[in-house]
Every structure is written in C-alpha cells, then in structure tokens.
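K.L.:
Based on the hints, put chain B in the right spot on chain A.
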Amino acid sequence: MGRARLEIASDAFWRWMNGYREGAELLHPYGSPRISYSGPSPVPNWTKDLAELDRAARAKHGAAFSTISVANRQALVRAALDDLKGERLVNIVSAPHIALGLLAHFYDSSEATDLCYRAQIGRNKCRPLAHNGRKPLPVATL
Amino acid sequence: MSARVIETDVCIVGSGISAAMVAWKLSDTRRAEIVVLEAGDEAPPTSDLHALRSRFLAYGESPWPRDHLDDLDVAGIQSRSMQVGGLAMHWGGVTPRFSPEDFRLRSLYGVGSDWALTYDDLDPFYQEAEERMGVAGEQGPSVLDPRGKPFTLPALPLTYNLTMLRDWTTSAGIPMWSQPSAKLSVAREGRGACCRNDTCFPICPVGAKYNPDMTWRALRANGRVRLHSRTHVRRLLAKQGSNQIEVAEAVSRDRPTEQLQIRAKTFVVACGYVWSSYLLLTSTGTRFPSGLANSSGLVGKYLCGHRNVQAFIELPLELYPGINEQHSLVTKAFMRPAPSSDRYLRHDLRVWESSVGREARLRTDAGVLLLGDALLADWRERVKKGTARVRSYYDVLPARESELALDSSRKTPWGTPFPAVMMRDSGESKALRRYQEEEITKLFERLARAGNGRILRKNVDEFQDHPAGGCRMGTNPGQSVVDSYGRTHDHENLFVVGAPTMPTAGCANGTLTFCALSLRSASKIGETFPARGPATESP
Numbered sequence: 127m128g129r130a131r132l133e134i135a136s137d138a139f140w141r142w143m144n145g146y147r148e149g150a151e152l153l154h155p156y157g158s159p160r161i162s163y164s165g166p167s168p169v170p171n172w173t174k175d176l177a178e179l180d181r182a183a184r185a186k187h188g189a190a191f192s193t194i195s196v197a198n199r200q201a202l203v204r205a206a207l208d209d210l211k212g213e214r215l216v217n218i219v220s221a222p223h224i225a226l227g228l229l230a231h232f233y234d235s236s237e238a239t240d241l242c243y244r245a246q247i248g249r250n251k252c253r254p255l256a257h258n259g260r261k262p263l264p265v266a267t268l
Numbered sequence: 004m005s006a007r008v009i010e011t012d013v014c015i016v017g018s019g020i021s022a023a024m025v026a027w028k029l030s031d032t033r034r035a036e037i038v039v040l041e042a043g044d045e046a047p048p049t050s051d052l053h054a055l056r057s058r059f060l061a062y063g064e065s066p067w068p069r070d071h072l073d074d075l076d077v078a079g080i081q082s083r084s085m086q087v088g089g090l091a092m093h094w095g096g097v098t099p100r101f102s103p104e105d106f107r108l109r110s111l112y113g114v115g116s117d118w119a120l121t122y123d124d125l126d127p128f129y130q131e132a133e134e135r136m137g138v139a140g141e142q143g144p145s146v147l148d149p150r151g152k153p154f155t156l157p158a159l160p161l162t163y164n165l166t167m168l169r170d171w172t173t174s175a176g177i178p179m180w181s182q183p184s185a186k187l188s189v190a191r192e193g194r195g196a197c198c199r200n201d202t203c204f205p206i207c208p209v210g211a212k213y214n215p216d217m218t219w220r221a222l223r224a225n226g227r228v229r230l231h232s233r234t235h236v237r238r239l240l241a242k243q244g245s246n247q248i249e250v251a252e253a254v255s256r257d258r259p260t261e262q263l264q265i266r267a268k269t270f271v272v273a274c275g276y277v278w279s280s281y282l283l284l285t286s287t288g289t290r291f292p293s294g295l296a297n298s299s300g301l302v303g304k305y306l307c308g309h310r311n312v313q314a315f316i317e318l319p320l321e322l323y324p325g326i327n328e329q330h331s332l333v334t335k336a337f338m339r340p341a342p343s344s345d346r347y348l349r350h351d352l353r354v355w356e357s358s359v360g361r362e363a364r365l366r367t368d369a370g371v372l373l374l375g376d377a378l379l380a381d382w383r384e385r386v387k388k389g390t391a392r393v394r395s396y397y398d399v400l401p402a403r404e405s406e407l408a409l410d411s412s413r414k415t416p417w418g419t420p421f422p423a424v425m426m427r428d429s430g431e432s433k434a435l436r437r438y439q440e441e442e443i444t445k446l447f448e449r450l451a452r453a454g455n456g457r458i459l460r461k462n463v464d465e466f467q468d469h470p471a472g473g474c475r476m477g478t479n480p481g482q483s484v485v486d487s488y489g490r491t492h493d494h495e496n497l498f499v500v501g502a503p504t505m506p507t508a509g510c511a512n513g514t515l516t517f518c519a520l521s522l523r524s525a526s527k528i529g530e531t532f533p534a535r536g537p538a539t540e541s542p
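Sequences listed follow chains A and B, in order.
Taken in order, the first sequence gives residues 127 to 268; the numbers are from the numbering used here.
Taken in order, the second sequence gives residues 4 to 542; the numbers are from the numbering used here.
Simulated from the structure, these hints should not be mistaken for lab results.
Accuracy of the hints is not assured; some may be wrong.
Claimed, not checked - With a Cα cut of at most 27 Å, we get these calculated DSS-like pairs of lysine-lysine:
1) B/Lys461 - A/Lys211
2) B/Lys433 - A/Lys261
3) B/Lys388 - B/Lys445
4) B/Lys152 - B/Lys388
5) B/Lys433 - B/Lys461
6) B/Lys461 - B/Lys445
7) B/Lys387 - A/Lys251
8) B/Lys388 - A/Lys251
9) A/Lys186 - A/Lys211
10) B/Lys387 - B/Lys414
11) B/Lys268 - B/Lys461
12) B/Lys388 - A/Lys261
13) B/Lys445 - B/Lys433
14) B/Lys268 - B/Lys388
15) A/Lys174 - A/Lys211
Claimed, not checked - Chain B stretches covered by chain A per the calculated footprint, using a threshold of three residues with CB under 8 Å from any CB of chain A:
16) 153-164
17) 184-198
18) 320-327
19) 378-388
On a predicted model such as this, the values are computed, not experimentally measured, just so you know.
Positions of the beta carbon are idealized from the N, C-alpha and C atoms, including for glycine.
Chain A on its own, in the form it takes in the complex (with noise of 0.2 Å):
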C-alpha cells in the first residue's frame, strides 16, 4: 500500500472512531416496522486491545508496539486473533478486535476498491455520468 495510503487509512480510522455516534437511528428497511438504532461505540473495547497489543509487544519484545517491526507486530496480531472464527470481514461495529475495525474499515472503502481492481473505480463518488461506459483507468504506480 505504501507509507502514504497507510497513513490515509488510520487516519481515516481514527475519524470514524471520533465520529461515532451511541442512539442514532439506522437505516430501517422497506417494509420492516423494526426501528433500530446504533449500539455502544466499539472504542473503549478496541482501546484495550491497543494497550494489550503494546503490553505484548513490551513483553516480548522489549518495545512498544508502536517501534517493534511489520513482521512482529503481525505476529502478535495474529496471536490475538487467533481464536476468532469466521472467513468474512465482519461489519466495523460488531468488530470484535481493533485490528479487525481497522481492516474492516480500509476494506469497505472506495480507496481498497480501487487498489485492489488496480482502477479508478471511485466508488460512491460523485463522478461524471458520461464516463459511465468506459473501463476504469488504470490506478497510477509510483
């Protein structure tokens, strides 16, 4: 992904978390009567997780998780979600594990659309109707 798309991505994470809002009411269905409305926000849990991933960093590592390398800090991130089941990307807020609202996050967006079709897709963005027939244009590489 690059340094930058990367920092695009937390931060982009990181204003959802901000924005988050306990009691608004969602999207209700057609021809459902059921009214719902958003649970508890999914932060204080996924704080603990950050601060158990950094006190298994310190552990084992003798760092913060933050200045431990790629390959360790998967290692532990695969550690803690070792025991969770399940093939699919869960919803962000039923996210049971900061890394996964992360990865949650990223992989709903147009930006990971796009950079996995390697295309400007651009989806649910405002774009002009008369490129509609014609095939994405190659996402440009550095």
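P.N.:
Okay, now just chain B, sitting in the frame of chain A:
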C-alpha cells in the same frame, strides 16, 4: 377541546409521492386552494443532504431521521416512513411502466382481475409522470415496451459493466436495455444530473433522483399549497343527510388540545396502502358503521404485491463493481406468458453488477488468517471473475382476505385499534407459486450456462414488494371501492389515489404506476375547479 377551522377547496391527506402528483397537477392546471395534511415531520432541508449521506455511508445511520411516528409498528409488511414526502423519500427512483397485459389479466389469462382502465388510458399519464419527475429512459423494443411518446430525457448510459452484461444476456437470446429511472441524465430546474455516487437508495445528495419533497418545496414557495406537517387526521365525516364528505378532523402533534377541522369541497386520501384503508375504516359513525366508502365491504381487502426470485451468477468476465451499482438492465420479454406454456407466469428481469463473492476476506478456505499483502493478494485473485445479480419480480394475485384488519387488542397512541397487515395469495397464486419460482430459476440457470458461469446463490424473498391495494378500483360498486379515477363509489367528493386503488401489483416496480394513476385522478378532481389557462393543460 377548542376547534380551529380551515376552509379550502381540496384537502389532501398524506404528502407522499401520490399526494405530490395530485397537488402538483391541480395547482398547475386549476384555480383551487389546496391544503395538505401530513402526520409526520418535515423532511430535512436540502442543505443537509450531503452530511446525511456521509453519516449513512460511514455509520449506516438513517438519512431521514425521525421519519416515523413512535409506537406505530404495525404487524405485517409496513415501511416506517411518515414524513413530508412519505416512503418515496427512500425509494431508488426506478420507474418501469407496467405492461399492457397487467391491466387485463382476467380477460387475457383467466386469472386475477382486470383493471377498470387499460394501458392506453394510462399511457398519457405515464408520460406526464415521467416528464414531471424527470425520468431518463431508453425505450425497449416497441412490441414489448409500447409508449405513445418518446422519453424526453436521454437514458442513463450503460456502465462498462452493464455493457458487458448486456452482451452476455444477448448471447442468451434476451434483449435488455437501460432501466428507466427518475434520475436526471441532464441537469434541470436546480437539480443536478446523476453523478452515479450510488446511494440513490436511500439518499441522492445532488437532487438527480426525484423526491416528493422537491415538489412540496416548490409549491409552498409559490403559495400553491398550504402543507401542515405534524398534523394527524383522525377521521373524515360525512355531511348530515348526504354522502358528501364535509370535514376532516385532525389534531396537531404540537397542539394536541386543539382540534382542527378542515372543511373542503373535495377530499383526497393519499396515505399509501396501509393508512388510506385505515383512515376509511376508522371513520365510522351511525350511518357508516363499517367506515367510509365501504358499502362493498372491500376497504382494506385485496392487498397486493409481488415477490422476487434473485440469484448471483459468477461469470468469467472482468467487471469493476462500483461504477454505478444501482443502475441495471431490464427486459419486459417475460411479461406475457410463454405461448408454449398453459400455466400463468409473468415476470420482469433485471441485471446488475455485483460484488457478491468478490469481497475481501479474512481467512483462506483452509482457515489461514490473511493480513497485509496476503489479504490484498487473495482479494485480487477473487476478483478475476465477475458477478451478476439477477432478479425477477413475479406478480402475486391477492386473495380477498389479503387485508388490512383492525386489531382491537392493540391501541394506537390515539386510542384507535391498531392496523394489522396480512398479505395472502389467492388460491390460483398458491397453486402456481412453486411452478413460477422453478421456471424463473430455470431461466437463471440458462443464463449462467450461456455465460459459462455458475449460480453462487439463489433466494426467494417472502416479502411482497411495492405493496398496494386496499381500495381496489372497479366498475362494479359491489366488487370495488373506487372507480378508475379513484373516486369512491359511495362518496362523490372523496377520492383515494395511487397504490391503494390497484387491483393487482404487476411484476415491476410500482411507483411510476402509482404516480400515473394519481395524475389521472387529479385530472378528474380538477374538473370541478376553474382552469388556470390553456398553456398548462394536462395531456
């Protein structure tokens, strides 16, 4: 309780899309004072749309918060949308016409009911609805898709994905074209052109998709209507010694101790398939113990809709989901029964791009956790094939007992019995259901084979979409509630408009038909009032 009296020419109960069509046309063509009563709140201002959309995308929040009244969770199929603009504030803007056969099912196929009007009767009002809302459309082959005049707006162009998918359906021998939609392909009247940001349902932030609140804003700004939101109509009352409706009794939710009496020459009930019947059924009195317009006993009966069969088909195509996922291909090729079959089946067919089966995932099939580059690499492998979503609505012919009933065991906040919606298939529809769903599945399998693909998954939705009925139209007052214009057989100055008047719900999205019927009703309602001038005459 004090009473405040409002005098007007036309009183419209409800402010959804059917009400908007009636008010729009009447105010364009006739000199008549119009009062509109809406129980729900105002719609959010247009300046809020971008922010509301952002919250919806990020958090799944409703872009139309407080669009319902608490404690009105009706049993059965009910969409909780009660605000200025009604349920069409949520719609996807999809506007197919019904086919000519929809209006003559009994005559042509010996099932269901004929309508009290023909496709040709409705054609000019379909056209008018399309022009007022700004429908962008492509005409299909005229033998399948007849229309009196061409669309006035160019069709939404097919996306790259839909072009690929149309090649596929063509190879299977199925002609398909761009789905007509109430989404501007060209900017006009302060509304932006569609910029395919793909949240048509539930919210278009640029005004490309028509919403009824647009009409109300314009009519209110021009002084053409007086719209009272948060005003709940409790009942309609007939004049002493006459069948004419004289008064709508209402209560403002902001001033519950004040009774509001709206006296009008004409009353228009435009509250959708639940609350229209409900208002008539609860407007009881000594002369009308079973409610207004109910001498046939059919108010609340024959609720109708259509079910769908849907599948996701994996195809060896390089597709790019997200170019414009809510736009689709459509065909009417199956809207008349196949000559080779002696059993009744009519359905539409739509095809969309889809990301089903193409999502990023957390683990491999072997259960290995994917992180970082491995996750992205796995995802890229998964998108080497494409997915098409295919869906067919087939019409469900309603039983008489497909009904809105009053449940006295529950009381609304106003002390009246709760409505309960129970959709029931007629005997003929029950007998046909398995055959119909199997035949549609066979069609999907044929499509998959034609594209060297496979069906990833298939489902039948029990939900009956675009529900309608409850005040069915007909020529026989003993077998119907309203005539073809929505005028009740029992009360000369009482009309029901839009969805409730439909005897059957067709096999395509119904909103354009609700609008066309409402405009036709408005043409009849308007005859009582002086014309505004020839320049604004109706078709």
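K.L.:
Which of the listed hints are broken here?
P.N.:
The structure breaks hints 2, 4, 10, 11, 14; every other hint is satisfied.
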